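Peer 1: Produce the entire structure from the sequences given, and follow the hints as far as they go.
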Amino acid sequence: MGCCFTTDINQGDSVKPLIPDPSLDPTSGSEQNTGTLPSNHTDEEDQQKSILRRAALSIIDVSAVVSQGLEQREYMDRARQYSTKLEVLNRTLSQKNPVFLPSLTSQPHQVLAADLVTYSDLQQLSKIAAYAYSAISQIKVDAKEDVVVQFSI
Amino acid sequence: MTTALTQGLERIPDQIGYLVISEEGVLASAGELENDEHTAGVIMQMVRTACRFRLHGTADPPFKRMSVMFEDYVYAVTISGQKVFVVKRQNNQREPVIV
Numbered sequence: 001m002g003c004c005f006t007t008d009i010n011q012g013d014s015v016k017p018l019i020p021d022p023s024l025d026p027t028s029g030s031e032q033n034t035g036t037l038p039s040n041h042t043d044e045e046d047q048q049k050s051i052l053r054r055a056a057l058s059i060i061d062v063s064a065v066v067s068q069g070l071e072q073r074e075y076m077d078r079a080r081q082y083s084t085k086l087e088v089l090n091r092t093l094s095q096k097n098p099v100f101l102p103s104l105t106s107q108p109h110q111v112l113a114a115d116l117v118t119y120s121d122l123q124q125l126s127k128i129a130a131y132a133y134s135a136i137s138q139i140k141v142d143a144k145e146d147v148v149v150q151f152s153i
Numbered sequence: 001m002t003t004a005l006t007q008g009l010e011r012i013p014d015q016i017g018y019l020v021i022s023e024e025g026v027l028a029s030a031g032e033l034e035n036d037e038h039t040a041g042v043i044m045q046m047v048r049t050a051c052r053f054r055l056h057g058t059a060d061p062p063f064k065r066m067s068v069m070f071e072d073y074v075y076a077v078t079i080s081g082q083k084v085f086v087v088k089r090q091n092n093q094r095e096p097v098i099v
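One line per chain: the protein sequences are A and B, in this order.
Take 1 as the starting number for the first sequence in the numbering used here and just add one per residue.
Take 1 as the starting number for the second sequence in the numbering used here and just add one per residue.
It is worth saying that the hints were derived from the structure and are not from the lab.
Hints are all accurate, no fakes.
From the derived model, a few chain B residues whose C-beta atoms are all more than 10 Å from chain A:
(1) T3
(2) V26
(3) S29
(4) A30
(5) E32
(6) N35
(7) D36
(8) V42
(9) T49
(10) H56
(11) I98
(12) V99
These stretches of chain B come out as covered by chain A in the derived footprint (C-beta under 8 Å, 3 or more residues):
(13) 8-15
(14) 60-69
Negatives, chain B to chain A, calculated, CB over 10 Å:
(15) G25
(16) A28
(17) G31
(18) E34
(19) E37
(20) T39
(21) A40
(22) G41
(23) I43
(24) M46
(25) L55
(26) D72
For clarity, every value in this text was computed on a predicted model and none was experimentally measured.
Glycine residues also receive a C-beta, built at the ideal position from the N, C-alpha and C atoms.
Peer 2: Spelled out as structure tokens, the structure:
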């Protein structure tokens, strides 16, 4: 049979497969049909496995990235570093642009307490503004000649 | 220092609020403009724009006071000593009724 210490000469049975290979056995009909389904199944399985393998290679696991988080200490160090850099930048920016407010008066309370703009002045201002708007809207280009001129050299 | 600034503003007739603003921020506020940083910001922008106007190439801005007029109230704005003073005053003027 093929066991140890046997003197059986016929060793062929020992390598005989338990499940017959359907591709090598053309005679069995029903066995053949049931045999082809498993092979298709394995093909599909192989295809699925290759698809999964490709997806696994191209997938980016975000949760894994997050889990490599900063330690509290490193986080605080970085925050301090960034804020000092920002402070330096703010200082250089404000130095470049010293905006001085011109002094309009030395008597602010007097100026603010003075009479308000009268209604008639407001009406006049509105009229002037309306005239100005009308004048501007009437500005148009009067094309007299060609802009592009040929020079004969 | 704040009381010296605000004392005169409080005595302005018909005033219903005021702001004193510097480049750093609001120095004092009261009445309807109390803690009104939004209005302070808007008025600072308006004043900075207005200060850029010049008449006939003169060196100084051509105005002493800027007035933002609404129907019922007015914001009167001026600048003195690097500080912007804003007063909200009631506007009692109405269209004159012709009888």
